[in-house]
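If you read the sequences in order, they're chains W and D.
The opening position of the first sequence corresponds to residue 1 in our numbering, with each subsequent residue numbered one higher.
The opening position of the second sequence corresponds to residue 1 in our numbering, with each subsequent residue numbered one higher.
These aren't lab readings, by the way, just hints derived from the structure by calculation.
All residues carry an ideal CB built from backbone N, CA and C; glycine is no exception.
Hints are not guaranteed to be accurate.
What the hints assert, rightly or not - Incomplete in silico selection of chain D near chain W, CB under 10 Å: (1) P4; (2) G17; (3) S20; (4) V34; (5) G38; (6) V75; (7) A77; (8) L95; (9) R106; (10) G152; (11) L165.
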Amino acid sequence: MDEDDLLALILVLLPLSLLSIGGGTAIIAELEGEIVRARQWITPHDFLQLFAVSRAAPGPGVMLATLIGWKMAGWEGAVLATLALFLPSSLLFYGVYRASNQHRAKRWHRVLREGLAPIGTGLMIAGVLAIMRISGGGGVSIGITLAAAAVLYHYSNVPPLAVILGGGCLHYGLWLVDFVV
Amino acid sequence: MAAPTAASLFFTCFKIGSLSFGGGLSGWIHREFVERHGWIDDEDFAAQLALAQMLPGANVVNLVIGFGERLRGPVGALACLGGFLLTPFFAVIGLASVMDLLAHSRGVEVMLEGVAFAAIGMLVVMCGKGVMRSRRNAEALLVTAGAAVAVGILGWSMLPVVLVLAPVSVALAARRVRRDG
C-alpha cells in the first residue's frame, strides 16, 4: 500500500458519498466492484469479513468504508476514508438544509424522495447480489440469509444485533458438526 | 426553553452513536431529541427525516447535522456529527483488529461468515420494504429493477447509471405528484 493507492481510494470514495442514495447500503455493490474486483486492493474474503464487522458494530453501515481504509493503510487510511465518505454528503445536506424552507418545500421534497427512493432500493439489491456472490452462494449461506430475513420480517421487535449474532452462532454450530468446512 | 449547548449536543449524539448496535438509529434520535429533551418537535422531526432520506449520505448522519444546525448553528452541526461518529469509528476498527488477531482461527472465521450471511438477510428485508412501498407503481418498480440489474448483474459503474436514472425517475415522480395533487 503506498500513497498513490491511498489517494486513489479517496478518489473512489468522494463521488460515492454523493451517490449514496438512501444511505450507505446503496454503495456496497460499487465498493465491491471497484475495490475487490477491478483494483483488487482487498480480497473477497476480507471484504466479506469487513462487511460483517461493519454490520455488527454500532453506527451507520457506511463504516464499511472506514474499515476498507483501515485495512489498506492503517489509521491514516481509516481517517481519510471516513472523511472522504462523510464530508461531501454532509456538506451537501448542510447547504440544502440552510437554503431550504422546510415547511414550504414539502412538494419538491416529496417529488425528489419518490423519484430517488426506487433507485436507492435497486442499488441496495445490487449490493445484496454483490455480497452474495463473494460469499460463495452456497446452500448454507443462502439458508442463513433467508432465515435471518424471515425472523426480522415477522418479529419486528427482535433486536437486529441478536439476529446477526444468531447467524454467526448457527454457522459456527454447523461447522462444529462438520456440516460446513 | 433555552437552546442546548454544543457540549450537550455532542454528548447526546455520542450516547446515540454508542448505543446504536444493529440499526434503528432514527428511533434513538427521536427518543433523545424529541421525547427526552424536547429540543425538536414531532413535525420538525418528520420534515427533517424526509429531507435526510432524500439527500445522499447516511440518513441518521444527515439528521443529526440538521438538528445541530437548527439548535446551535455550524458549531452545533459539527458537535453532533463528531459526537455521533466517535464511538462507531473506534468500535469498527477495534472489532476488526480483534478479528485480525484471531484470524488464524477457522472457528472465528466461520462465525464471522455467519454474521455476514445474516446481515445480508437484514438488507434483504430492507430491499423488500423498499419494493413493497412502490408495489402499486409500475414506473418505480421498473426504476428499481433497472438499477439492480445494471449495477448488480451487468456490473455497470454506478455513476452513469444514477446520472441517467435519477432525472428520469424524478421527472416521473413529478408527473405522478402533479396528477395526484
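These are the hints, each one checked on the structure:
Of the supplied interface hints, the one on D:P4 is violated, with its beta-carbon coming no nearer than about 18 Å to a beta-carbon of chain W, more than 10 Å. Interface hint at D:G17: satisfied, since its Cβ lies 6 Å from the closest Cβ of chain W, which is below the 10 Å cut-off. A cut of 10 Å between beta carbons decides the hint on D:S20: the least distance to chain W is about 5 Å, and the hint holds. Violation of the interface hint for D:V34 is found here, the shortest Cβ-Cβ separation to chain W being roughly 15 Å, above the 10 Å cut-off.
For D:G38, the interface hint is violated, since its Cβ never comes within 10 Å of a Cβ in chain W; the closest pair sits about 18 Å apart. With a cut of 10 Å, the hint placing D:V75 at the interface with chain W is violated, because the nearest CB-to-CB distance is about 12 Å. Taking 10 Å as the C-beta contact cut-off toward chain W, the hint placing D:A77 at the interface holds, the least distance being around 6 Å. Because the smallest distance between the Cβ of D:L95 and any Cβ of chain W comes to about 5 Å, under 10 Å, the interface hint for this residue holds.
With its C-beta approaching chain W no nearer than about 8 Å, D:R106 sits inside the 10 Å limit, and its interface hint holds. Among the interface hints, the one on D:G152 holds; its C-beta lies about 3 Å from the nearest C-beta in chain W, closer than the 10 Å criterion. Restraint check, D:L165 versus chain W: the minimum CB separation of about 5 Å is within 10 Å; hint holds.
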